[in-house]
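Position chain B with the ligands relative to chain A; hints supplied.
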Amino acid sequence: MNQSYPPPTSPTIPKPILQVEGLVIHYETPRGAVQAVSDVSFSVQPRERFGLVGESGCGKSTLVTAFLRMTKPPGVIKAGRILLNGVDILALPKNEMRRVRWSQVALIPQGAMNSLNPVMRVRDQIADALVAHGVILNQAALTARIEELLARVELPARVARLYPHELSGGMKQRVCIAMATALEPKLIIADEPTSALDVVTQRAVMEMLANVQEMVGAALILIGHDMGLMAQVVDRLGVMYAGELVEVGDVTSMFKSPQHPYTRALLGSLPSPRERKVRRAIGGLPPALIAPPPGCRFHPRCPEAIVACREVAPRRLETTGGWATCHLLDPTQASQPLEAADAAPSA
Amino acid sequence: MSLLYLRNRLLNLLLVIWIAATINFITPRLAPGDPINAIFARLESQGQVIANSAQIIDLYRERFGLDLPLWQQYLRYLGSVLTLDLGYSLSYFPATVSELVMRALPWTVGLLLTTTLLSFVLAVLLGALFVWRGTPRSVHLIGWVLVGISAIPYYLLAIVLIFIFAFTLNIFPAGGVTRIGNVASGLSWSSVWDTLYYSTLPALSILLASIGGSALGMRGMMVTVLGEDYLLLAEAKGLPERWIFLRYAVRNAILPQVTGLAISLGHVVSGAILVEVLFSYPGMGYILIDAIRGADYTTVQGITFLLVVSVAVAVFIIDVINPWLDPRILYGKR
Ligand SMILES: Nc1ncnc2c1ncn2[C@@H]1O[C@H](COP(=O)(O)OP(=O)(O)OP(=O)(O)O)[C@@H](O)[C@H]1O
Ligand SMILES: [Mg+2]
Numbered sequence: 001m002n003q004s005y006p007p008p009t010s011p012t013i014p015k016p017i018l019q020v021e022g023l024v025i026h027y028e029t030p031r032g033a034v035q036a037v038s039d040v041s042f043s044v045q046p047r048e049r050f051g052l053v054g055e056s057g058c059g060k061s062t063l064v065t066a067f068l069r070m071t072k073p074p075g076v077i078k079a080g081r082i083l084l085n086g087v088d089i090l091a092l093p094k095n096e097m098r099r100v101r102w103s104q105v106a107l108i109p110q111g112a113m114n115s116l117n118p119v120m121r122v123r124d125q126i127a128d129a130l131v132a133h134g135v136i137l138n139q140a141a142l143t144a145r146i147e148e149l150l151a152r153v154e155l156p157a158r159v160a161r162l163y164p165h166e167l168s169g170g171m172k173q174r175v176c177i178a179m180a181t182a183l184e185p186k187l188i189i190a191d192e193p194t195s196a197l198d199v200v201t202q203r204a205v206m207e208m209l210a211n212v213q214e215m216v217g218a219a220l221i222l223i224g225h226d227m228g229l230m231a232q233v234v235d236r237l238g239v240m241y242a243g244e245l246v247e248v249g250d251v252t253s254m255f256k257s258p259q260h261p262y263t264r265a266l267l268g269s270l271p272s273p274r275e276r277k278v279r280r281a282i283g284g285l286p287p288a289l290i291a292p293p294p295g296c297r298f299h300p301r302c303p304e305a306i307v308a309c310r311e312v313a314p315r316r317l318e319t320t321g322g323w324a325t326c327h328l329l330d331p332t333q334a335s336q337p338l339e340a341a342d343a344a345p346s347a
Numbered sequence: 001m002s003l004l005y006l007r008n009r010l011l012n013l014l015l016v017i018w019i020a021a022t023i024n025f026i027t028p029r030l031a032p033g034d035p036i037n038a039i040f041a042r043l044e045s046q047g048q049v050i051a052n053s054a055q056i057i058d059l060y061r062e063r064f065g066l067d068l069p070l071w072q073q074y075l076r077y078l079g080s081v082l083t084l085d086l087g088y089s090l091s092y093f094p095a096t097v098s099e100l101v102m103r104a105l106p107w108t109v110g111l112l113l114t115t116t117l118l119s120f121v122l123a124v125l126l127g128a129l130f131v132w133r134g135t136p137r138s139v140h141l142i143g144w145v146l147v148g149i150s151a152i153p154y155y156l157l158a159i160v161l162i163f164i165f166a167f168t169l170n171i172f173p174a175g176g177v178t179r180i181g182n183v184a185s186g187l188s189w190s191s192v193w194d195t196l197y198y199s200t201l202p203a204l205s206i207l208l209a210s211i212g213g214s215a216l217g218m219r220g221m222m223v224t225v226l227g228e229d230y231l232l233l234a235e236a237k238g239l240p241e242r243w244i245f246l247r248y249a250v251r252n253a254i255l256p257q258v259t260g261l262a263i264s265l266g267h268v269v270s271g272a273i274l275v276e277v278l279f280s281y282p283g284m285g286y287i288l289i290d291a292i293r294g295a296d297y298t299t300v301q302g303i304t305f306l307l308v309v310s311v312a313v314a315v316f317i318i319d320v321i322n323p324w325l326d327p328r329i330l331y332g333k334r
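First to last, the protein sequences are chains A and B.
Under my numbering, the first sequence has 307 at position 307, and the numbering climbs by one with no breaks.
Under my numbering, the second sequence has 138 at position 138, and the numbering climbs by one with no breaks.
Treat the hints loosely; a few may be bogus.
[Unchecked claim] Simulated DEER-style distance windows between Cβ atoms: (1) L84(B) x E148(A): 19 to 25 Å; (2) H140(B) x D198(A): 45 to 51 Å; (3) P73(A) x L141(B): 47 to 53 Å; (4) P294(A) x T135(B): 42 to 48 Å.
[Unchecked claim] Listed below are several chain B residues computed to face chain A (Cβ distance under 10 Å; list not exhaustive): (5) D85; (6) G87; (7) L231; (8) A234; (9) R247; (10) Y248; (11) R251; (12) P327.
If you are wondering where the hints come from, they were derived from the structure by calculation, not from laboratory data.
If you're wondering where the values come from, they're calculated on a predicted model, not measured in any experiment.
Where is the CB? At the ideal position from N, CA and C, for every residue including glycine.
Okay, chain A solo, but in the shape it has when bound:
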C-alpha cells in the first residue's frame, strides 16, 4: 500500500490508530433527521482495548460502521473526520477505501450469528478476503493459512469444509473472529459479539477475541451491554447516550468513581448477589433522536439535574482517567437543583 503517513508528532505520545473528530451522522427520514451520532470525538491507541456501552438505540452501531465508511442511506455523515492510522478515510477514493477495509480495520457486525453466507463453505468465506486483497493466490498456501487461522480460535481444520448451518453459535462467532484477523488489521471492531450466546460460551468467545487481538497486535473496539464482561476485558470505556459520547475514561477509575450521572445509573443497574433486591433500572426512556432534548440530553431522566442542564449543552471536562460532559463537574456552573427552580414562582 502506498499511502503517505504523516510523520509521528512526538515520540512519547503514540500516534492513535483511530482518531474521531466531531463526527455527526444523521438518518434522513421523511419524518426528520434522526441524529444518531452527535459531535463524537475520541481516539484509540494501538493495541488498546476500547469498550463502547450505552442503551439500545444510542448510536453505537451507527458510529462504528462509519469507521469502515459503510454508513448506508438514509444515513449520512454530516460532519467530522475519521483518521485511521493518520489517513482521513472520508476523503479516500472508493477503491482505496475498499482496500483499507479488512486489511486495516475489520468489523464483526452485530448479529454475527447471521454474518456468514449460508450457501458458502467456511473455507471459501475466509479465502475470498485473502484473495480479494491479493494476499494469497495459490491454493496450497490458502489452505494452510485458513487452517492456521482456524487453529488460532481453537477450531479443528475440518470446520473449513462445513457450511454455516452446521456450526454452533459459538463456533460461528469464532469463525468470524478468525476471519477478522485474516489480514492482520490494525483495528478490530466487534459489535456485541456475544449477545446471542450463553454465559459460558460468552466468556470463552470473549477470551478468544482478546487472545487473538493480542496475537495480531491490533487495537480492539468492543461494543457490549454487559458491564461486568466489559470491566474484565477493556482498558478504556466510552459511554454513549442518545448519540453523544458522555464519558470516556480508564476502566478502573470509571468503575471506582463514575463521573457522569448516566454512567452511575448504568453501573447502578448492574445486579449484585449481595444485594438481593431488584436493581432500579434507569427511570424513563431514552429520547427520540429526531428531536433530542435541549441542553444536556440526559437531563429529563437525570436525578441530579440542575437548571443549567435544561438550557446549556455541557462542556467536556477532565476527570481522573479521562473526561465527561456534565455540568455538575463544572465549577463555573451555579448549581440550583431543578426541583427548586420549578417550585420557585416564575417572574
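Only chain B with the ligands this time, still in chain A's reference frame:
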C-alpha cells in the same frame, strides 16, 4: 446419507406418477356407460348406418379388454402407461394419442423451453439490477416498462403484438404454421429459418408478459437478502462489488426463483393454450384445446397425464439439485 435422500425423492416421484395414473384410470370408469357404445351412438346419431353393430361392439370390447375384470384392466393399463402407450384418439381415431403428442411436442418444447429459460435469466438479472446501486438509469427504465407490460392481460398483449408486427409492419406472420406445407420439413437451414419466422412473435409475447412479474419477485428477494448481516460482513471484508453482488446477493436471492423455474419447466409439455390458440401455433396447447372442444377424452387424459409426469419429474430434478444450490436443504429435510 445423500443416497438415502436420493432414494426417498425417487420413491416420491414414482408414487406421484402411480397416483396420477390410477386417477386417470378410475375417472372415466366412474362415468356411466361404455366408451365403445358411446362412439357407436355418436356415429349413428350422425346418420351413419352400421350393420350388425352389436357384434362389432363386442369385438371391440374384447380387443380393448373391456370385458376383462377391472383389476386385469388396471394391470394392462399400467403396463401400457409404462410404455407410454396412451391409446387411440377418439376424434382422430386411427391416430394414437402418442402420435398426436409427438407431432405437437417439438413445437411446444422448442417455443416454451427457450422462452422459459430466457425469461428466467432476464428476470433474475433485471430483478437483481433493480436493487443494485450501480445500475444505470436506462436499465431501470426498461425494467419498469416491462413490469408495466406484464400487467396487461395476455390476450390483449398478443393481439396488440399481432396488430403491430403482423398487420402494420408485416415483419412476422400472424400465425399459421398449422397449415401444412408452410414449414420446410427436416433439419435444414430453411426449416430452422421457418421455425424462427413462425415462433418469434409468440416467443416475444411470452417474454414480454412474463419477465416483469418474475423480475419483481427477484427484486423482493434481493431486498431481503441485501438486509442480511452476511452482506454487511462481505462489504466489510473489502470484497469487490461484483463479488458481493454475484456470490452473496444474487446467489442467495435466486434460490426461490430456481424452484419456480423448475415448476414452469414441468409445465412446458402442456403447452401454453392461450399463446398457441392466439398465434395458431401447432403445439400441445393447441391440440389440448382441440381435444377438449371435440370431447376427445383419451387425448385430454393423455396430455393431463404427461403434464403430471413432467411436473413431477421437474420437481424431482429440483429436489436433487437443490441441496447443491442450498446446502441447508439436504440436512434440514432428512
Ligand atoms: N436505517 C435507519 N433509518 C432511520 N433510523 C435509523 C436507521 N438505522 C438506525 N436508526 C436509528 O439510529 C439510532 C441508532 O441506531 P444504532 O443501530 O446505531 O443503535 P445501537 O446503539 O447500535 O443499538 P443496539 O444496542 O440496539 O444495537 C436509533 O435510534 C435508530 O432508531
Ligand atoms: Mg447496534
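Check your understanding: What hints, given by number in increasing order, does this structure fail?
Key -> Violated: hints 1, 3, 5 and 6.
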